[in-house]
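A.B. asks: Each chain, written out:
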Amino acid sequence: MSALDTTTATVAVVFGGPSPEHDVSILTGLQVARTLVGADRDVVGLYWSKTGEWFRVPPTLEAADFLDGVPRQAEPVRLALGTGGGFAEVAGRLGRARPVAVDVAVNCCHGGPGEDGSLQGALDLAGVSYTGPGAAAAALGMDKLAFAGVVADAGLPVLPRRLLGPADTEVGFPGPYIVKPRFGGSSLGIDVVEDRATAVARLDANPHLRRGAVVEPYRPDLYDLNIAVRVWPEPSLSAIERPLRSTDSGEILGYADKYVGGEGMASAPRQLPADLPEAVAAGLRSAALEIARLTDIRGVARIDFLSDGAGWFVNEVNTVPGSLARYLWVDPPLAFIDLLDAMIGEALARPTWRPSASGADGAVLRSAGGIAAKLG
Amino acid sequence: MTIAGTVTVAACSVATALAGIRWLRVAQREHYIAGSVSRFALRWWRRGPGSVAGAAAALAGAVVAWRWPLGGLATAVVVAAGPPGLGLRGRTSALAWTRRLRTLAAVWVGFVAAAVVLAAVTGAGPPVAAAVAVGVPVLVDLACAVTGPFERLMVRSYVSRARERLGRVAPTVVAITGSYGKTSTKGYVAHLVAGSRTVVASPASFNNRAGLARAVNENLAEGTEVFVAEMGTYGPGEIAELCSWLIPDVSVITAVGPVHLERFGSEERILEAKAEILEAARSAVVNVDDPRLAALADRTEAEGRRVRRVSGSDAGADVSVRTGDGGLILFVDGAEVARLPPGAQPGNVACAVAAALEVGVPLEEIARRVATLPTAPHRLTAGTGTGGFLVLDDTYNANPAGAGAALRALESMAPPSARRVVVTPGMVELGPRQAEENARFAAAVATTADDLVVVGRTNRRALLAGARTAVGGGTAGGGGTSGGTLRCVVVGRRDQAVAWVRDHLGAGDIVLYENDLPDHYP
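Chains as they are written, first to last, in my numbering: chain A, 45 to 420; chain B, 25 to 546.
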């Protein structure tokens with residue numbers, strides 16, 4: 045057993061990625077990297093470009109360094125799978141490709157392959173420990189249809205949510221509707237429509253709905269309530285947040301409300317802690333802990349609810365939330381470095397993937413006979 | 025070496041290093057074209073009596089140093105101080121240590137080192153050190169010439185990667201060129217398409233071979249359906265080369281005008297170079313407000329290709345934007361489609377709408393999205409300054425047509441009895457027509473404004489001459505009302521002009537900032 049702990053581990057901050065939330069992820073990644081550098085940790089920046097290439101970057105860059113694309117200071121690296129896998133420099137004409145030493149990767153990729161399980165799968169196969177959800181939990185959290193099913197099955201309140209396809213002639217509940225991408229992290233691509241026909245028309249027109257769409261009733265009386273949850277070192281919950289719309293005209297909390305014009309979600313307008321009836325707050329807290337268990341949360345997740353002030357519904361889970369939801373931990377206050385330390389400690393102690401070949405002892409092969417005989 | 029010799033060599037080395045930073049920055053601003061640095065050095069050192077005297081002292085010092093080593097100190101002092109006005113750190117454009125600049129700097133240092141070795145071998149330390157200090161711009165040009173082939177090789181590898189990525193992602197490509205209006209049009213197209221297709225636009229300044237290859241490699245993510253590429257050209261054949269690997273489906277020409285005339289020679293050759301973009305595309309969008317482009321549209325159609333004619337005024341075009349009661353109105357095939365937000369540029373919007381239609385965006389979607397068109401910063405935006413006066417900002421990329429439009433905007437927006445001021449360093453890169461175009465602009469200013477603030481020396485003579493002829497002649501063409509009382513103010517730098525404006529304008533007045541030259545121009 046190595047003597048690694050959260051203060052001695054070499055931490056790679058992984059951010060960017062081929063995702064609509066690439067830019068938001070850069071903000072999260074740079075905040076995390078800056079915080080770790082400030083605590084004298086050994087930090088490597090690993091930037092995943094929009095076109096899927098990997099680069100090592102200094103952890104002290106500014107957002108502006110990414111304005112034109114890959115920053116000047118970036119050096120290309122590769123992610124290799126298998127034994128001896130991990131991040132390594134791209135071999136030059138002279139010399140070998142030296143590995144980039146990484147003990148734990150802090151995953152800051154939102155909305156796309158960093159939050160849907162695909163990056164997680166690659167890191168598992170490469171033997172790199174990482175923070176946040178494992179592949180299966182990430183994939184579940186990214187699929188709004190499957191997630192709603194799991195939550196409803198556990199008896200928690202959710203709004204009706206149906207798959208919407210071009211041939212669907214009936215939704216099953218009356219409009220108006222919210223049409224959302226089935227897979228996708230934030231509010232990008234969300235439309236409010238009056239009727240089914242318009243909803244189906246949006247499938248073709250809205251590029252975010254190409255991979256599938258879900259439809260639910262639009263309830264203008266509902267507002268968002270968010271809470272962050274983690275299970276390490278023990279299950280704990282943040283304060284409950286009520287995000288506020290920057291403009292009255294917006295029908296739903298939009299992407300621009302959340303992310304444009306500041307340091308990501310940490311500077312969006314909000315009421316924190318939200319002023320709520322105790323019954324609602326208690327309901328949200330116990331539901332959040334139950335969802336953390338149901339979806340196998342790792343790291344920190346933000347669970348979004350909808351409420352009219354009396355009743356409430358589970359909306360969705362963000363398994364790699366913007367700014368890692370650091371701004372929600374106000375009561376009791378939790379410093380960002382302490383949140384990160386807990387995530388890094390969990391990544392070192394709780395593997396995401398335990399492949400096992402036990403049981404594959406050759407018995408099946410011995411009794412198999414010829415393959416041709418099996419085909420016959 | 026004597027003590028005097030050692031001191032001289034040391035001083036000249038420091039001066040050489042400082043001059044290196046200055047002229048490497050100019051090389052970067054001038055696209056690393058060999059020869060441009062020496063040309064700018066001549067401009068700077070001939071800028072005024074002080075500069076000329078300094079240059080003479082530096083040269084004399086280098087000559088004298090053959091006999092008296094300490095003479096080289098004069099050279100060192102002048103070269104270290106540099107031409108007055110050309111700072112070490114840029115105001116508009118700081119030195120960026122890109123890989124290309126690092127390569128260039130290394131080669132330049134190599135040349136300097138070779139000269140030092142030569143000096144040591146021949147024993148002529150002080151005079152050689154002084155000559156190197158004087159010759160820094162020439163050595164930077166030489167380094168540009170030597171690194172050129174290597175850079176082209178590097179770009180070739182970027183391009184082959186870009187070609188491969190384009191093949192894999194297979195987006196519909198909209199290519200936009202034009203002497204002006206490219207960047208706005210690109211932004212408009214991206215905005216119109218974004219509601220119904222995943223779209224990526226090339227970043228602002230990435231409009232040449234290396235830049236577009238980089239834009240593809242770094243921004244063309246998997247799943248991108250439309251790629252909007254801005255194509256610039258500094259010479260014939262460049263756009264044809266771009267289109268050989270970044271093959272456009274829809275090509276757009278926004279305008280032709282005397283931009284980069286000094287590299288092309290004539291406007292006919294500019295037109296030919298822009299027309300290269302139409303060769304490969306399945307459909308062409310051409311702004312026919314310019315008769316030469318109208319003729320090009322006819323020729324292209326006669327060759328059997330699909331052409332969409334657009335206009336910022338003419339209702340007969342396929343897509344047009346016209347000024348109607350109190351605002352801009354978009355027409356497609358003669359029918360009114362939507363009203364445009366104030367500040368949208370008619371010709372460019374028309375180009376973008378036609379391109380979006382060619383990409384397959386439904387007309388209703390376009391009508392919905394034109395209402396929220398982004399208006400780019402520094403493209404004739406209006407605001408109110410701290411002194412309560414109106415500020416028209418047209419500081420980005422001025423050309424004669426744009427400058428004329430800005431003056432008309434000044435006229436229409438000026439409150440009654442406002443004092444009207446135009447601040448400008450004039451326009452550059454107009455080749456043999458530069459003096460003439462600037463003089464003509466100053467004459468037009470005389471008919472619209474009360475004060476002309478001339479910034480810097482680059483176009484000072486032409487602007488003042490133009491203003492004088494207009495005021496002296498009394499009748500300036502163009503139909504404006506000539507007050508005949510234009511006052512001219514001459515300042516060295518932009519910040520002095522801003523201070524002058526703050527001191528002299530009050531509430532109800534108006535100022536137009538027309539063009540801003542990068543600070544490597546004298």
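What the hints contain is simulated information worked out from the structure, not anything from laboratory work.
Here the structure is a predicted model, which is why all the values come from computation and not from measurement.
Some hints here could point you the wrong way.
[Unchecked claim] Partial chain B-side listing against chain A, Cβ under 8 Å, derived:
| no. | residue |
| --- | --- |
| 1 | T122 |
| 2 | R124 |
| 3 | A143 |
| 4 | P227 |
| 5 | E242 |
| 6 | E246 |
[Unchecked claim] Label-pair distances were calculated between CB atoms; the ranges are:
| no. | chain 1 | residue 1 | chain 2 | residue 2 | range |
| --- | --- | --- | --- | --- | --- |
| 7 | B | R123 | A | R263 | 53 to 59 Å |
| 8 | B | G412 | A | R329 | 52 to 58 Å |
| 9 | B | E246 | A | A107 | 20 to 26 Å |
| 10 | A | A241 | B | G340 | 33 to 39 Å |
| 11 | A | A407 | B | R123 | 21 to 27 Å |
| 12 | A | A249 | B | S337 | 28 to 34 Å |
| 13 | B | V141 | A | A166 | 51 to 57 Å |
| 14 | B | A531 | A | A249 | 44 to 50 Å |
| 15 | A | I381 | B | G259 | 51 to 57 Å |
| 16 | A | R140 | B | A169 | 34 to 40 Å |
[Said to hold, decoys possible] Far from chain B, by Cβ distances over 10 Å, these chain A residues were calculated:
| no. | residue |
| --- | --- |
| 17 | G129 |
| 18 | G130 |
| 19 | L184 |
Every residue, glycine too, gets a C-beta built ideally from N, C-alpha and C.
A.B. asks: If any of the earlier hints don't hold here, list their numbers in rising order.
C.D. replies: 2, 3, 11
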